[in-house]
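Under the numbering used here, residues 1 to 187 are what the sequence shown spells out, in order.
Careful: at least some of the hints might be erroneous.
What the hints assert, rightly or not - For each label pair, taking beta carbons as the anchor points, the in silico distance ranges come out as:
1. 80 / 127: 23 to 29 Å
2. 79 / 124: 19 to 25 Å
3. 94 / 125: 36 to 42 Å
4. 102 / 143: 23 to 29 Å
5. 122 / 79: 41 to 47 Å
6. 84 / 175: 20 to 26 Å
7. 70 / 19: 30 to 36 Å
In case anyone wonders, no lab produced these hints; they're calculated from the structure. Keep in mind that this is a model prediction, so the values were computed, not measured. Yeah, the Cβ is synthetic: ideal placement off N, Cα and C, and Gly gets one too.
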Amino acid sequence: LCFSSTGDLLPQSPVAGGLVRYVLITLCALFPTLIALVTGSLILKKIGPGLSGLERLVMAASIGFGVVALFTFLTGWLIGLSQYVFLLVTITACVLGFRILIECWSDAAEAARQEQPRIYVPAILFILLLAYLSCFVPPMDYDVLEYHLGAPAYWLREGRIGFIEHIVYSNFPFNTEMLYLFPMVLT
Numbered sequence: 001l002c003f004s005s006t007g008d009l010l011p012q013s014p015v016a017g018g019l020v021r022y023v024l025i026t027l028c029a030l031f032p033t034l035i036a037l038v039t040g041s042l043i044l045k046k047i048g049p050g051l052s053g054l055e056r057l058v059m060a061a062s063i064g065f066g067v068v069a070l071f072t073f074l075t076g077w078l079i080g081l082s083q084y085v086f087l088l089v090t091i092t093a094c095v096l097g098f099r100i101l102i103e104c105w106s107d108a109a110e111a112a113r114q115e116q117p118r119i120y121v122p123a124i125l126f127i128l129l130l131a132y133l134s135c136f137v138p139p140m141d142y143d144v145l146e147y148h149l150g151a152p153a154y155w156l157r158e159g160r161i162g163f164i165e166h167i168v169y170s171n172f173p174f175n176t177e178m179l180y181l182f183p184m185v186l187t
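Turn these sequences into a full structure, and let the hints guide you.
Right, dumping it as structure tokens:
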């Protein structure tokens, strides 16, 4: 939905088209993170009182990513990888979770101001910048191309999650790969 695989909806200029494509890919990659934070925050409100803001943010993200991976797997296995279903979940999470996300972020920022020396903030921001930039480096390792990205790409082409006979490793539990598949379905 963010852009067509042929690039028809993007400007034809290589510079403008490339920039727009990177912005749209980044937005599509951020949606599972948003959904994870919202879902994890809702679950923690029920079971995790007593956590500080920063602890709640980390726990919400951890629980939420598990829920997003499980949702992606069950949806892709049971009803198929429908872009409309994933878009509906994304829009719902964005609408319902905006307030939760702001609250969670402000609590974490307040806790970070009170609990951590300020010297760690530039280091953390630098590490986050490096992690963001590394997302745009193409993978070259065998296992990444064969099954970490190969299996989700195969499932996306097939339109559903199922057994892949020629990729033996695709029968392992694929939590992270489900997180790769979610934005792939959106794009």
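Please write out, lowest number first, the hints stated earlier that are contradicted by the structure.
1, 2, 3, 4
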